[in-house]
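Given chain A's structure and the hints, the job is docking chain B onto it.
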Amino acid sequence: MLCLNFCSADLPYRTMAEVADTSHLLPSALYNADLLGEDGFECLDRIDGLYHSAADGELVDSGTLVITGWTRQRWWPGWARWRWTFDAESGLFLGRDAAPGGYYAQDVRQGCGGELWLQLITGPLQRLGPDAQPTGETLRPETFGVISFGAFLIDLAQDWLIATVNSNRALQVYRLSSGAWSHTITLSFRPVDLCYEGGSRAYVLTESRQLFLLDYANGRIYGAFKLGPGPALWLGSTRIAWDPRYRRLLLVEPSAARGFAYTTRIQGFALRPVATHLCKPLPLRRLRAGQVTPVLVKAIGDRGEGLSGTVQIQAGSQLALSQQTLSLDGRGEAVIHVTGLAEGNETVQLTLEIPCLS
Amino acid sequence: MALELLAGPLPLLNRVTGQALGSSLSGMPIWLDGQGLLLPVTNEGIYLVQLDGAAYLVADDRSLVYGLALTGAGGPLNRGHGYAMTKTLITDPGEWAVDPLTLYRGVRLNAQIITPSHNYARLHDRYLYPIGSRLDCRPLDFSQDWQRETSFTGLSNGNSLSWGTQPTHLVIGAETGQFVHYDWLTQRQVGTIGTIGMACRGLWYAAHHGIYLSLHTSDGQHALRLWAPTVQPTQLSAPMLLAPLQAGHRVQCQTRVLGAHQEPCPNEVVRWTVEGPGELLLNATTTDAEGWARTYYDAPLEAGGAAITLRVEVAC
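The listed protein sequences derive, respectively, from chains A and B. For the first sequence, position 127 (counting from the first letter as 1) is numbered 127 according to my numbering, and the numbering increases by one without interruption. For the second sequence, position 303 (counting from the first letter as 1) is numbered 303 according to my numbering, and the numbering increases by one without interruption.
The set of hints was computed from the structure by calculation and includes no laboratory data. All of these numbers come straight from a predicted model, not from anything done at the bench. Careful: at least some of the hints might be erroneous.
To be verified - Per label pair, the in silico range of CB-to-CB distance:
1. A:Q318 to B:W292: 27 to 37 Å
2. A:T347 to B:A284: 19 to 29 Å
3. A:R14 to B:P9: 52 to 62 Å
4. B:P9 to A:G145: 46 to 56 Å
5. A:G78 to B:D33: 54 to 64 Å
6. A:D215 to B:R148: 36 to 46 Å
7. A:E353 to B:W292: 43 to 53 Å
8. B:A307 to A:Q318: 30 to 40 Å
9. A:T143 to B:P9: 56 to 66 Å
10. A:L341 to B:P9: 22 to 32 Å
11. A:Q318 to B:T165: 24 to 34 Å
12. A:G123 to B:R62: 26 to 36 Å
To be verified - Covered stretches of chain A, going by a simulated chain B footprint (3 or more residues, C-beta under 8 Å):
13. 223-237
14. 304-313
Note that the Cβ used here is the ideal one computed from N, Cα and C, for glycine as well.
Next up, chain A with everything else stripped away, as it sits in the complex (with noise of 0.2 Å):
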């Protein structure tokens, strides 16, 4: 489980207000029926896409994050395409407006170097200006032999095309030059998104909810982690970013609460697992009364990989500790010594303090 270090606002439902320019609308039950009788008129649908936007560099102000999703309403169309921003410091809500692409668009993704491609239905991608209209450069995905892309992530500065193309536990990799498929990296669980970190390093979320870093160029792994409890994911359910500004993991997911009550919101995390158990104390050798027994304490994280931290142990009167404050190794693992004083039974305690910001 990472640490979590930075919550946004919840993203908000537009106010009667806002929608002054429809409320000559009369809400109609020939749209989302199911909205009719609560306490609003629209809800969020899908989100699709997830990007930091520094403008351009600047640090005079603290950049921001941004949404782009679909919301269900009462009135004709019966869907709406929202750009949702928020402060990238505070997490405050900063505003609305319409998200580039119309109906046909699928899902906004951002590059490695900033720019953002937009993912119609049909299938190509298409470039974003700064103005957020297409560019009019296009990938195809027969280009690359394949029918669709799924998440995908476009290295223009070192030619890169890395995307899932179907539902196998793996990501392709294609020069975008010319098309060309590079290599595989096979993963332990399917992909569900995957967004640039730096040099060729790339996050990628599994429906396990479980994250790997990997060097796309070569296929080396870096690391997994989990991102902490929740349902599994799928592809298009859930988005994630890397922010580079504050060096933070980005990740939003659509709350699973029905009606109106908005509680999706944009997540921070720090790349500093958190260990989640701490294994059952055991004896390394016979235990004997009178003589010294070592004994394994280990904490482990939520993917079982060890974590070091410090743990502080205590035990009662009849065990000898040979230290009560343990600093496990890289492992997660460390051995204390315990002299048995007497016959009977004892307990020992653990106690893990596991540094984390939040």
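Same frame as chain A, but now just chain B:
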């Protein structure tokens, strides 16, 4: 040589869901030193299981059959702890070097299937594969079929492999609860065949901590047991004097602590008590490498009279 139980049974539970794991395995688990037991479960995926039974799903390829392997990267005397995985179905069958934690498949070591659903070892010059009472070997290039490399007298149903303490040692575990250390360089058995005294599904040696662990499945529930590398004391011989008893003299007395198979139990503390006249020099002594514990009895100056009774006990 029957080992002494350290802990267990420790039930295997998915630490995230709190559910027990499925009882059907889609491959032989393998112990990753310092990390856990890699356990493939049919229709669920591969779990990484900690020594206390906490299990975490690290891959969800559910329809595959896995062979999990030890790979000895480097030369025979500087081998590293590598791991490989054989996959049988869907895409990319063959043998792959894997990162144990991410199960990332790196180098494709062999395009062919090695031994699905079994542990095997990929050494610098050959494959090794435990089956029954023997170890079979095969060239890395598959130019020959499997053939017997060695047989272990007294071992049956061998199925698990783990690294030994020495760079050239492997430990073969068996469903019967037996295990044996094997030097794959000299191709000789090391020491005698040991046992945990009960049947199991797999038995591995955790070299980093110097303990053994065994997997058991009962009523559809998996559990781990941890075993000390030392013999469980089961027999304590009656104390005896090493010289005739004489008034006013010191005489040495001894007892022996043995395991279930007459093997000596070293470093056990034996407590001595005497009833009647006279005194013991030491009331508690430790057994030597042969399981003998010794102390001295100082007989009273006055001969005759009350009976003298020596008692011994060992704490275990």
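Structure-based check of all given hints:
no. : hint                         : verdict
1   : A:Q318 to B:W292: 27 to 37 Å : holds (29 Å)
2   : A:T347 to B:A284: 19 to 29 Å : holds (26 Å)
3   : A:R14 to B:P9: 52 to 62 Å    : holds (59 Å)
4   : B:P9 to A:G145: 46 to 56 Å   : holds (53 Å)
5   : A:G78 to B:D33: 54 to 64 Å   : holds (59 Å)
6   : A:D215 to B:R148: 36 to 46 Å : holds (44 Å)
7   : A:E353 to B:W292: 43 to 53 Å : holds (47 Å)
8   : B:A307 to A:Q318: 30 to 40 Å : holds (36 Å)
9   : A:T143 to B:P9: 56 to 66 Å   : holds (58 Å)
10  : A:L341 to B:P9: 22 to 32 Å   : holds (28 Å)
11  : A:Q318 to B:T165: 24 to 34 Å : holds (32 Å)
12  : A:G123 to B:R62: 26 to 36 Å  : holds (30 Å)
13  : 223-237                      : holds (count 3)
14  : 304-313                      : holds (count 3)
The structure agrees with every numbered hint stated previously.
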